[in-house]
Amino acid sequence: DGGITQSPKYLFRKEGQNVTLSCEQNLNHDAMYWYRQDPGQGLRLIYYSQIVNDFQKGDIAEGYSVSREKKESFPLTVTSAQKNPTAFYLCASSIGTTDTYNSPLHFGNGTRLTVT
Amino acid sequence: AQKVTQAQTEISVVEKEDVTLDCVYETRDTTYYLFWYKQPPSGELVFLIRRNSFDEQNEISGRYSWNFQKSTSSFNFTITASQVVDSAVYFCAHHSNYQLIWGAGTKLIIKP
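Protein sequences, first through last, are from chains A and B. Numbering-wise (my numbering), the first sequence opens with residue 797 and increments by one. Numbering-wise (my numbering), the second sequence opens with residue 41 and increments by one.
Keep in mind the hints are simulated off the structure, nothing from the lab. One or more hints might be untrue.
As the list claims (entries may be wrong) - Mimicking DSS-like on lysine-lysine, the simulated pairs with C-alpha atoms at most 25 Å apart in a straight line are:
1. B:K151 <-> B:K56
2. A:K805 <-> B:K78
3. B:K78 <-> B:K110
4. B:K78 <-> B:K147
5. A:K879 <-> A:K853
6. B:K43 <-> A:K853
7. A:K866 <-> A:K805
8. B:K43 <-> B:K78
9. B:K147 <-> A:K805
Given only the sequences and the hints, what does the whole structure look like? Please build it.
This is the structure in structure tokens:
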């Protein structure tokens, strides 16, 4: 079955450490996204990529970094510069490289990151 | 500025009741798309519907129906004869001009 796999489901880190969240898709989608979800809030876009080797900052990119070396993979690194990293992180993908937000998003199951 | 408001933070109903989730959006664009997604306790968001601004026809899919009214900038979602499996957080989203704006979500609790 095609889908998006995020790992791990739960992640615990000490403050000051960088951590990388994995996102893999086998839907052959060109566009991939990282969202952050906090309680009582909508989704906020961190980064998105419309094509391999290219990515754009979203609304809250500070303290995060991404790479897109392969079409299937879009890992997110939460750096020590992120002031409040504890959150639920969702990876998504969609068809197409133009006007991609018009296309429905397919989501992974998310990674819940806790930093203490 | 684009904005999506889901005023109902949480709704709790007893199984088999009908329930409507409200979504009001603000936009200056004439061409846009509206979405509803469901987030069950497992965490992943599931796409439910997409509607473009030129199609005001209401949509029905089984127990789910959507009422799009441009005059009031609303895109409300009704679940008929609710079931416990409908318990989830539901998000409304608006897309235009390469931006996707999300509402804060409505948590729906269906009690058996």
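Hints, one by one, checked against the model:
At most 25 Å may separate the alpha-carbon atoms for a hinted pair to count; K151 (chain B) and K56 (chain B) meet this at roughly 9 Å. Distance hint between K805 (chain A) and K78 (chain B) is fulfilled; the C-alpha atoms sit about 19 Å from each other, no more than 25 Å. In summary, the hint linking K78 (chain B) to K110 (chain B) is supported, as the alpha carbons are separated by about 23 Å, within the 25 Å threshold. Distance check on the hinted pair: K78 (chain B) and K147 (chain B) sit about 10 Å apart at the alpha-carbon level, within 25 Å; holds.
For the given pair, K879 (chain A) sits about 17 Å from K853 (chain A) by alpha-carbon distance, which is consistent with the 25 Å threshold. In summary, the hint linking K43 (chain B) to K853 (chain A) is supported, as the alpha carbons are separated by about 20 Å, within the 25 Å threshold. About 22 Å separates the Cα atoms of K866 (chain A) and K805 (chain A), which keeps this hinted pair within 25 Å; it holds. A threshold of 25 Å between alpha carbons decides the hint, and for K43 (chain B) with K78 (chain B) the separation of about 19 Å falls inside it, so the pair holds.
Note on K147 (chain B) and K805 (chain A): the hinted pairing holds, with a Cα-Cα distance of about 22 Å set against a maximum of 25 Å.
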